[in-house]
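For the record, the sequence lines run as chains A and B.
If you read the first sequence in the numbering used here, its first letter stands for residue 6, the second for the next number, and so on.
If you read the second sequence in the numbering used here, its first letter stands for residue 6, the second for the next number, and so on.
Each hint should be verified, as a subset may be incorrect.
Since the list gives no way to pick one copy over another, a pair counts as held whenever it fits inside one copy or between any two copies.
What the hints assert, rightly or not - Below, in silico cross-link-like pairs of lysine to any residue (SDA-like), each with a Cα-Cα straight-line distance of 20 Å or less:
{"#": "1", "residue 1": "K324", "residue 2": "T352"}
{"#": "2", "residue 1": "K354", "residue 2": "S113"}
{"#": "3", "residue 1": "K24", "residue 2": "G37"}
{"#": "4", "residue 1": "K446", "residue 2": "M706"}
{"#": "5", "residue 1": "K324", "residue 2": "E377"}
{"#": "6", "residue 1": "K242", "residue 2": "S228"}
{"#": "7", "residue 1": "K192", "residue 2": "A178"}
{"#": "8", "residue 1": "K232", "residue 2": "T246"}
{"#": "9", "residue 1": "K276", "residue 2": "H392"}
{"#": "10", "residue 1": "K192", "residue 2": "D140"}
{"#": "11", "residue 1": "K705", "residue 2": "T686"}
{"#": "12", "residue 1": "K354", "residue 2": "E377"}
{"#": "13", "residue 1": "K705", "residue 2": "R603"}
{"#": "14", "residue 1": "K276", "residue 2": "V368"}
{"#": "15", "residue 1": "K324", "residue 2": "G314"}
{"#": "16", "residue 1": "K242", "residue 2": "D29"}
{"#": "17", "residue 1": "K354", "residue 2": "A397"}
{"#": "18", "residue 1": "K324", "residue 2": "D366"}
{"#": "19", "residue 1": "K242", "residue 2": "L828"}
These aren't lab readings, by the way, just hints derived from the structure by calculation.
This one's a predicted model, so the numbers in the text were calculated from it and none came from an experiment.
Number of protein chains: 2
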Amino acid sequence: MTQRWLYKFNDLEEVPQAKEDDWDGVRGLLGGKGANLADMAALGIPVPHGFTITTEACNAYSELGQFPDGLWDEVLAAMAAIEKSTGKTFGGSENPLLVSVRSGAKFSMPGMMDTVLNVGLNDDVAAAMIELTGDAHFVFDSYRRLIQMFGTVVRGIDSEPFEGALRRARAAAGVANDSELSADVIKELVTDFKGMVAVHSRKEFPTDPMEQLRHSVEAVFKSWNSKRAQDYRAASKIPDTLGTAVNVMAMVFGNSGEDSGTGVAMSRDGKTGEPALEGDYLMNAQGEDVVAGNRPTRPIEELAGEMPGPAEEFAAISKRLETHYRDMQDMEFTIEDGRLWLLQTRTGKRTAQAAVRIAVDMVNEGLISKEEAVRRVTPEQVDFFLHPQFSAEARSQSQPIAHGLNVSPGAAVGVVAFDPDLAERWGKAGRDVVLVRPETKPDDVHGMLAAAGILTSSGGRTSHAALVARQFGKPAVTGATEIEIDLTARNLTAGSIVIEEGDFISIDGTTGEVFAGQVPTVSPDLDNEWLTTLLGWADEFRTLGVRANVDDPEDAARARRYGASGVGLCRTEHMFFEPSRLPIFRHVITAETLGEQRDAIDALLPLQRDDFAGLFRAMDGLPVIIRLLDPPLHEFLPGWEALHRTATDLQLQLAKAENLDALETILADLNETRSMLARVTALHEANPMLGLRGVRLGIKMPDITRMQARAVFEAAVQVIEEGGDPRPEIMVPLVSHVNELQRQRQLIEEVAEAVMEESGQRVEYLIGTMIEVPRAALTADAIAEFADFISFGTNDLTQTTYAISRDDAEEAFLLDYLANGILTANPFATIDIDGVGRLMQIALEGARHRSPDIESGVCGEHGGDPASIALCHELGLDYVSCSAFRIPVARLAAAQAALRAKDAAGKAG
Amino acid sequence: MTQRWLYKFNDLEEVPQAKEDDWDGVRGLLGGKGANLADMAALGIPVPHGFTITTEACNAYSELGQFPDGLWDEVLAAMAAIEKSTGKTFGGSENPLLVSVRSGAKFSMPGMMDTVLNVGLNDDVAAAMIELTGDAHFVFDSYRRLIQMFGTVVRGIDSEPFEGALRRARAAAGVANDSELSADVIKELVTDFKGMVAVHSRKEFPTDPMEQLRHSVEAVFKSWNSKRAQDYRAASKIPDTLGTAVNVMAMVFGNSGEDSGTGVAMSRDGKTGEPALEGDYLMNAQGEDVVAGNRPTRPIEELAGEMPGPAEEFAAISKRLETHYRDMQDMEFTIEDGRLWLLQTRTGKRTAQAAVRIAVDMVNEGLISKEEAVRRVTPEQVDFFLHPQFSAEARSQSQPIAHGLNVSPGAAVGVVAFDPDLAERWGKAGRDVVLVRPETKPDDVHGMLAAAGILTSSGGRTSHAALVARQFGKPAVTGATEIEIDLTARNLTAGSIVIEEGDFISIDGTTGEVFAGQVPTVSPDLDNEWLTTLLGWADEFRTLGVRANVDDPEDAARARRYGASGVGLCRTEHMFFEPSRLPIFRHVITAETLGEQRDAIDALLPLQRDDFAGLFRAMDGLPVIIRLLDPPLHEFLPGWEALHRTATDLQLQLAKAENLDALETILADLNETRSMLARVTALHEANPMLGLRGVRLGIKMPDITRMQARAVFEAAVQVIEEGGDPRPEIMVPLVSHVNELQRQRQLIEEVAEAVMEESGQRVEYLIGTMIEVPRAALTADAIAEFADFISFGTNDLTQTTYAISRDDAEEAFLLDYLANGILTANPFATIDIDGVGRLMQIALEGARHRSPDIESGVCGEHGGDPASIALCHELGLDYVSCSAFRIPVARLAAAQAALRAKDAAGKAG
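Build out the structure end to end from the sequences listed, making use of the hints.
This is the structure:
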């Protein structure tokens with residue numbers, strides 16, 4: 006059997022892949038656009054006659070440098086068939102047939118490849134068409150476009166000569182748009198354009214329609230291997246071997262009279278997800294008129310009043326396509342002489358809210374399964390619900406002053422600051438600031454962190470500003486080129502609007518819009534009924550638990566509402582940083598005698614007990630993992646530098662003191678400062694992250710461990726006596742050797758026994774450890790002997806696995822690494838699979854070898870990152886733990902990870 | 006066949022294990038002492054008659070709580086046989102037989118188990134013996150000792166009552182030693198002692214010799230399970246199941262007349278290793294007289310003049326035993342009435358020098374193989390040759406003023422400092438200091454590091470001072486209790502000698518001796534002919550290469566003399582720290598413009614080129630690994646604290662400035678200080694070890710990499726043109742991601758091509774990387790694609806694997822961890838097998854997967870540590886690299902590791 010190079014739109018059942026129900030294969034052969042046209046034809050939906058030249062033909066062309074044997078014969082036969090079906094003639098002088106020639110690859114590559122419309126026109130055909138339609142303007146304009154497209158696309162002529170001629174014509178006629186030019190003027194342009202093609206390409210514009218067609222198909226084939234298409238594919242990871250299909254379609258005309266028209270519509274509302282058609286149309290018009298906006302379009306709802314038949318038919322087709330594709334459709338249609346034609350259908354784009362609502366509605370309508378709904382919504386779309394947004398009303402009343410790239414989602418409102426130092430100063434003073442810069446650099450990061458949002462006039466999606474903003478969850482718009490920043494005058498100009506430093510500005514990182522003044526925002530809408538339903542379904546599919554990193558009862562209660570099944574990490578030191586407690590904890594550190602120290606520690610006991618009791622109540626019946634004191638002690642004391650400056654100041658004051666009283670006061674202050682300075686100096690460590698912290702503190706100062714354990718168990722007893730069900734789990738941080746854990750475990754067990762004996766209450770509890778040091782991962786087998794559970798502290802584990810300080814590595818070099826491609830992802834945002842992930846796997850193998858059912862989880866910042874959650878699922882962890890506001894994202898990501906794993910298992914099996 | 010419980014000394018051929026040539030089994034059954042006695046008997050060497058009760062009998066006793074069936078009957082039969090052979094009678098009144106009852110386990114447990122001598126004495130036997138010997142003093146003293154030993158060992162009475170009675174008797178007689186008491190006094194003590202036994206144990210001292218024997222044997226059995234013996238075994242990892250044998254031996258008397266005598270001797274000189282008998286003897290004396298030193302002993306050489314027969318026989322036996330055991334022997338002998346008896350032989354203890362010489366001599370004598378010689382000398386013994394020692398002449402002329410524990414080898418001479426701050430101050434001022442403290446604590450470490458040696462008046466082998474001293478290779482003597490330290494008067498007193506702070510003192514950490522003043526030292530004696538020979542043999546067995554960590558040509562030349570086969574690590578930054586270069590490198594860091602910076606970098610080029618050329622010449626034909634710049638930049642600048650203090654001082658001076666000139670000068674200084682301060686502040690990092698250093702610097706400042714690469718290649722070209730054979734290997738530090746290496750490699754290759762093109766010379770070179778970050782180990786497969794070699798930086802790898810800062814972790818908590826047993830070894834001294842070792846294995850598997858023959862080595866401090874070297878051998882590394890003075894140790898350790906691996910393979914096969 007010889008190879009077949011094309012299929013007519015109604016040939017779907019002859020496509021070998023379709024016979025095998027290999028719909029991915031159909032798209033591979035016919036391209037996305039061609040496959041959908043064939044689908045529609047098979048469903049009996051009216052599409053203009055036409056055919057699709059396969060991607061295989063494109064690949065054969067690329068290889069041979071010419072049409073493969075048989076292709077042109079098939080094209081001729083297919084054209085003859087169209088003529089027969091339509092009763093029109095290609096190049097005919099009575100009822101002429103025009104066709105469009107469009108590329109259509111398997112994956113959408115918007116704007117990357119070529120199209121030639123109105124193929125089939127020449128002087129004779131034009132005359133025949135004017136005869137037929139009575140619309141010389143339309144016909145000459147179509148003819149003009151064909152010649153221009155043929156010249157640029159097929160012959161590779163620069164567009165400037167054509168555009169220059171149009172410019173001159175508009176100037177002569179005193180109009181702004183080409184469509185306002187008279188038919189006579191356009192007719193002259195047709196002549197001019199033909200001349201230009203002949204001059205620039207040293208070859209006449211072909212009057213033979215078949216020659217036009219042949220060259221157009223060839224041009225589309227060639228455009229697959231254009232440089233810009235290759236670059237795009239390299240960036241999007243689309244294989245070069247796919248090739249593009251070519252769709253040749255009979256043209257229909259929505260401007261052929263009062264019972265003609267054209268429009269675009271989505272099968273549901275792409276903004277809200279409401280289940281009703283949403284779109285625009287124009288009577289007696291061509292598709293480009295709808296887009297160009299030179300005539301006011303009308304909403305699709307009104308079509309029924311004007312043309313009830315086609316309107317009803319279109320609504321039915323919309324439903325039919327949704328049922329067929331089981332997704333919201335974005336359709337183009339034309340009505341020619343009262344007859345409806347569908348020109349294209351594809352999956353519609355939608356906002357996050359719409360995506361969630363459509364997915365849930367479609368399940369309720371029986372169109373898709375719950376599983377499919379959960380797969381369709383992205384974690385980023387759920388994330389959208391968690392960032393402040395401009396309210397719909399506010400948005401409808403505000404006009405953007407500029408547009409840029411929507412690089413980091415969410416809305417931000419604040420006063421403009423043009424330099425990072427000022428942003429930081431105002432930020433620290435409690436003002437909401439938007440940092441506005443031509444572009445940002447590593448030196449600006451402190452200002453970016455202090456700002457509510459970031460706006461730059463240049464820079465792309467991977468610019469420094471974009472990377473940093475996403476990294477830190479700051480709303481940002483970059484590359485807003487309409488804005489001019491004057492750093493000398495300290496203002497920005499957008500069109501006629503001038504905004505001074507200190508004036509308010511509003512940016513929408515979700516859309517890329519910039520507004521003057523303060524646009525009201527609305528808070529995260531987590532009570533959205535569709536989101537709640539969707540996340541409930543996600544919970545049915547996920548096997549990974551989702552816990553919360555919280556430090557106080559209010560946070561815990563919120564996390565529970567958001568769906569947390571326990572606390573994965575309570576950082577007890579956060580309780581010590583509270584202003585009322587810090588002096589007591591400082592006393593623990595600066596105490597001169599052990600007795601003094603013990604008294605200070607004892608004073609913390611009732612405070613910690615209340616903290617823990619609150620957590621147990623909020624998480625009644627659910628596990629609460631409490632981590633023992635972790636950070637280096639110096640974090641609780643004033644900084645060395647500040648103390649030193651104070652001492653210097655006091656010394657200078659001393660030199661100038663005017664009387665004895667003043668002298669004594671200064672001296673007393675100086676002594677106190679020097680004493681604190683001595684303590685801070687003694688605690689100074691060269692690399693505090695690798696120093697005296699975590700379990701090392703617990704071993705050096707066992708009274709702190711005893712106090713914290715006692716607070717946990719006394720709080721548990723208290724809650725039990727109230728009738729509650731506390732589930733404390735104590736976690737030992739920074740273990741690198743099993744002996745550290747063994748000793749702390751013994752200490753904790755002693756306290757537990759003592760409290761239980763004193764109270765007569767039995768407390769069920771677990772003792773476990775963080776795996777956050779490479780050695781702990783490597784020796785997890787031994788460690789598991791003394792751990793009821795392990796929890797990966799992936800932040801610290803990343804820090805030591807990479808030897809990159811969390812504290813300040815970003816500024817020092819990590820952002821440079823991301824910008825110049827040494828790293829493709831920030832390992833503090835997404836778990837590094839090759840390094841940290843491998844250590845996690847080694848740890849789990851070891852721990853499970855000793856203790857097959859050991860509970861395991863992740864409690865680092867990675868717990869809220871979808872890619873990291875997928876890894877956690879693959880590793881078979883029991884849960885991830887993240888901050889309260891990431892819990893919904895984590896629930897969905899966990900479900901999707903489980904579904905992907907099911908797919909992979911299905912393929913493997 | 007019923008079980009046999011004892012073997013006479015001449016029954017060796019009946020021992021089942023001996024029949025199977027299972028000599029380890031013989032020692033297991035008869036204990037070390039018993040096995041050697043049986044050996045000697047079998048060799049025809051005269052040993053007194055006797056027998057060994059087996060360890061199996063001991064174990065049976067431990068299990069049953071009583072003698073197993075048949076044992077006592079065998080003892081009775083064996084005693085009868087001794088009586089028959091000796092013609093003496095146990096408990097007889099004419100020619101009485103006395104026996105000793107001694108423990109003797111498979112492994113020596115000095116002082117842990119019990120012994121009863123002179124068994125068989127009672128009033129009648131004593132009278133008979135006085136009749137026979139005419140020496141009432143000797144007989145009553147023997148009798149007194151039996152009763153005392155029986156009382157304490159068998160009956161468990163405290164020794165105090167007996168010692169009190171002796172004290173009172175000495176006081177009454179006005180003598181200092183028991184041996185000076187008259188026979189009459191001792192006779193009274195015998196009566197008193199019998200009374201004490203009766204009173205304290207509520208049972209009479211048994212007059213029946215057989216009863217004495219039975220209880221003595223039982224007591225030795227019991228002593229196997231005494232608490233101290235159990236503790237000792239636990240600490241020495243000797244299994245509890247071994248049991249002890251019991252040796253019962255007829256006593257012979259060296260004090261029975263002028264043709265009797267006794268002595269101890271080694272078959273070679275235990276100090277120098279000279280192949281001649283070395284020992285002492287006394288005529289008409291008992292063994293304890295030789296030890297007690299109340300009569301001057303005579304050197305063994307003189308025995309020939311006095312008793313030529315026994316002397317000749319002893320010399321022959323000594324040779325015979327050496328030949329039999331193939332090692333130097335430590336023997337006890339007694340001559341009774343002209344007849345020589347060997348009472349014991351065992352392997353002799355020896356100094357490091359002697360160990361080396363004996364091993365080499367024995368190979369030359371054909372006694373042992375080269376392989377055995379290499380196995381016998383320990384790395385610690387080779388290490389001895391590398392520390393300064395007091396010269397032999399100096400030692401012979403100096404009298405120690407005190408003795409302590411020899412906890413860290415080597416001699417140190419310096420002025421006494423009683424506090425660490427002073428030690429540090431004097432040390433920094435270039436003075437040799439010995440830090441003298443009652444004991445040390447973590448706060449003292451800076452002073453210990455600054456000192457040449459450490460001396461404490463209290464503290465044991467595992468005291469803080471001992472651990473730290475060994476850790477840092479500082480000679481140290483601890484627990485020198487004869488010294489009294491007066492911290493108020495700032496002096497120390499030893500006997501009548503007073504040494505003031507600032508006076509000289511000398512300590513010998515190898516022997517534990519303390520001397521007043523300056524004892525002259527001699528330098529490492531690496532030219533020792535025997536050591537040279539031994540290390541040459543070691544080289545024949547080792548497969549692991551040994552390279553040197555050196556930074557300049559002189560060091561490199563020395564390392565080559567010591568046996569280095571190349572440079573494993575040249576730290577280029579050490580060249581920048583040189584006083585003449587530091588200002589230039591500081592200029593690189595503080596440059597305001599890129600151009601200024603490039604000029605400063607260029608100024609370094611000729612200096613580095615000369616450095617490298619020198620190294621290539623010194624290591625002509627051998628590989629030289631040059632590591633690119635590694636440390637964080639702030640290390641090259643003054644400290645923040647010092648700068649801040651300077652600024653404060655200048656500010657205060659400014660306030661008091663008296664004229665305009667002074668003001669201007671101060672102001673200029675202040676501005677400069679502030680400018681440096683600003684740069685230091687900008688470079689400040691929270692955790693510099695995890696910050697901008699290593700390859701990260703090379704990527705941020707590629708001009709430095711280019712300059713260093715150019716210096717390497719230009720130096721290589723220069724040396725080639727001189728006719729040399731340079732083998733440069735460039736090493737990229739701190740790689741955590743393959744992309745870092747890839748980019749630096751490209752940079753280096755570009756420079757290499759450029760230099761080769763400019764010069765027209767071809768330079769062979771390699772580019773590799775350190776594996777010193779866990780992620781590099783975990784992803785070594787990918788990294789190996791761009792690395793010609795890998796070198797483990799085990800210091801940094803330990804730092805990140807454990808999350809322990811190298812800079813100051815020791816003081817912060819690591820020493821505590823070692824002291825309280827959380828860690829059993831300092832991971833910065835010996836590679837942690839479970840964590841770091843496992844990462845190394847993972848890295849090697851990965852790298853070899855990509856590149857099977859990739860060169861690998863270790864260049865951390867661990868490269869000179871024998872246990873770590875053994876691990877490196879097991880991992881199949883190509884070489885270890887260590888500081889020049891550790892190279893001989895590494896050569897031996899590498900050979901021993903290879904031999905152990907051969908043994909293990911032999912066993913497995």
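Quick rundown of the hints versus the structure:
Taking the shortest Cα distances, K324 and T352 sit within 20 Å of each other inside one copy (13 Å), while across copies they are farther apart (99 Å). Taking the shortest alpha-carbon separations for K354 and S113, only the intra-copy value of 13 Å comes in at or below 20 Å, while the best inter-copy value is 85 Å. Taking identical chains as interchangeable, the C-alpha atoms of K24 and G37 lie at most 20 Å apart only when both belong to the same chain, with a minimum of 18 Å there against 88 Å between chains. Within a single copy, K446 and M706 get their C-alpha atoms only as close as 43 Å, which misses the 20 Å cut-off; across copies the closest is 17 Å, which meets it.
When the C-alpha separation of K324 and E377 is checked against a cutoff of 20 Å, the pair qualifies only within one copy, where the shortest distance is 19 Å, while the shortest distance between copies is 92 Å. Proximity of K242 to S228 under the C-alpha cut-off of 20 Å is restricted to the intra-copy arrangement: shortest distance 18 Å within a copy versus 79 Å between copies. For the homomeric pair K192 and A178, the shortest alpha-carbon distance inside one copy (14 Å) is at most 20 Å, but the shortest distance between copies (148 Å) is not. When the C-alpha separation of K232 and T246 is checked against a cutoff of 20 Å, the pair qualifies only within one copy, where the shortest distance is 15 Å, while the shortest distance between copies is 81 Å.
For a Cα distance limit of 20 Å, the shortest separation of K276 from H392 inside one copy, 17 Å, qualifies, whereas the shortest one across copies, 82 Å, does not. Taking identical chains as interchangeable, the C-alpha atoms of K192 and D140 lie at most 20 Å apart only when both belong to the same chain, with a minimum of 12 Å there against 150 Å between chains. For a Cα distance limit of 20 Å, the shortest separation of K705 from T686 inside one copy, 18 Å, qualifies, whereas the shortest one across copies, 32 Å, does not. With identical chains, the CA atoms of K354 and E377 are at most 20 Å apart within one copy only, with a shortest distance of 17 Å there and 81 Å across copies.
Proximity of K705 to R603 under the C-alpha cut-off of 20 Å is restricted to the intra-copy arrangement: shortest distance 13 Å within a copy versus 49 Å between copies. For a Cα distance limit of 20 Å, the shortest separation of K276 from V368 inside one copy, 19 Å, qualifies, whereas the shortest one across copies, 93 Å, does not. When the C-alpha separation of K324 and G314 is checked against a cutoff of 20 Å, the pair qualifies only within one copy, where the shortest distance is 16 Å, while the shortest distance between copies is 124 Å. For a Cα distance limit of 20 Å, the shortest separation of K242 from D29 inside one copy, 17 Å, qualifies, whereas the shortest one across copies, 69 Å, does not.
Proximity of K354 and A397 under a CA criterion of 20 Å is satisfied intra-copy only: 19 Å inside one chain copy versus 93 Å between copies. In this assembly of identical chains, K324 and D366 lie within 20 Å of each other by CA distance solely inside one copy; the values are 14 Å within and 102 Å between copies. Proximity of K242 to L828 under the C-alpha cut-off of 20 Å is restricted to the intra-copy arrangement: shortest distance 17 Å within a copy versus 50 Å between copies.
The earlier numbered hints are all upheld by this structure, with none contradicted.
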